[in-house]
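Colleague: Here are the chains, one letter per residue:
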Amino acid sequence: NAGVTQTPKFQVLKTGQSMTLQCAQDMNHEYMSWYRQDPGMGLRLIHYSVGAGITDQGEVPNGYNVSRSTTEDFPLRLLSAAPSQTSVYFCASSYAPMNTEAFFGQGTRLTVV
Amino acid sequence: AQSVSQHNHHVILSEAASLELGCNYSYGGTVNLFWYVQYPGQHLQLLLKYFSGDPLVKGIKGFEAEFIKSKFSFNLRKPSVQWSDTAEYFCAVNFGNEKLTFGTGTRLTIIP
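Protein chains in written order, with the working numbering: chain Y, 1 to 113; chain F, 1001 to 1112.
Among the hints, erroneous ones may be present.
[To be verified] On the chain Y side, residues computed to face chain F include the following (Cβ under 7 Å):
1) Leu45
2) Met98
3) Glu101
4) Phe104
5) Gly107
6) Leu110
What the hints contain is simulated information worked out from the structure, not anything from laboratory work. Ideal Cβ placement from N, Cα and C applies to all residues, glycine included.
Could you put the whole structure together from the sequences, leaning on the hints where they help?
Modeller: Here it is, written out as structure tokens:
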């Protein structure tokens, strides 16, 4: 099994550009989430989904959109990139958020110039 | 507000030293507790977890953690660290909702 696959691994954007970070999992997990990791701030939840067709906001949702049309995929869209969105982004999936292990992707390092 | 605190931001130890990393949370209800590790350049991996039962839980690579409900703590320990334990360690808590809240992380550097 591939687990959680994120693409791309690295990306440089200009301010104002839009892009989509892809996340796919092959473990039939209902729960998927996106985090951003910044130095000294740990991982902060951007958006999450408890199943296909259901999404909700996390701690830092502004500037990001998500959708969940299938169980496998959970893309994260940056609408108009800003330098403050320079970060490392991780996608995670689990059977349930409460008491099961979360599996993380390899991360996407995004730089906005 | 529900939060997770890791007060040790950077810990430097020599090989064979004992390790204890602190994790505290603010919430009086039922919680599920996790420690994740991120080795340099890699993604997060689960070290151990606590849901219920024996408050002393053992994880991979010789790590263990103790849940002390009265202190709202879930500290990570290892009796003798190795150079390969150099990594960033994150405590994470589920507060009975649909989210997993992470602490700010502790960077551990082991000196050979």
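Colleague: Does each hint hold? Answer for all of them.
Modeller: Hints, one by one, checked against the model:
1. Hint status for leucine 45/Y relative to chain F: holds, with the closest Cβ pair at about 6 Å, below 7 Å.
2. At about 5 Å, the closest approach between the beta carbon of methionine 98/Y and any beta carbon in chain F falls short of 7 Å, and the interface hint on this residue holds.
3. Annotation: interface hint on glutamate 101/Y holds; nearest CB of chain F at approximately 5 Å, less than 7 Å.
4. For phenylalanine 104/Y, the suggested interface contact is upheld, since its CB lies about 4 Å from the closest CB of chain F, less than 7 Å.
5. With its C-beta approaching chain F no nearer than about 6 Å, glycine 107/Y sits inside the 7 Å limit, and its interface hint holds.
6. For leucine 110/Y, the shortest C-beta to C-beta distance to chain F is roughly 15 Å, which exceeds 7 Å, and the interface hint is violated.
Violation of the numbered hints given earlier is confined to hint 6; every other hint is satisfied by the structure.
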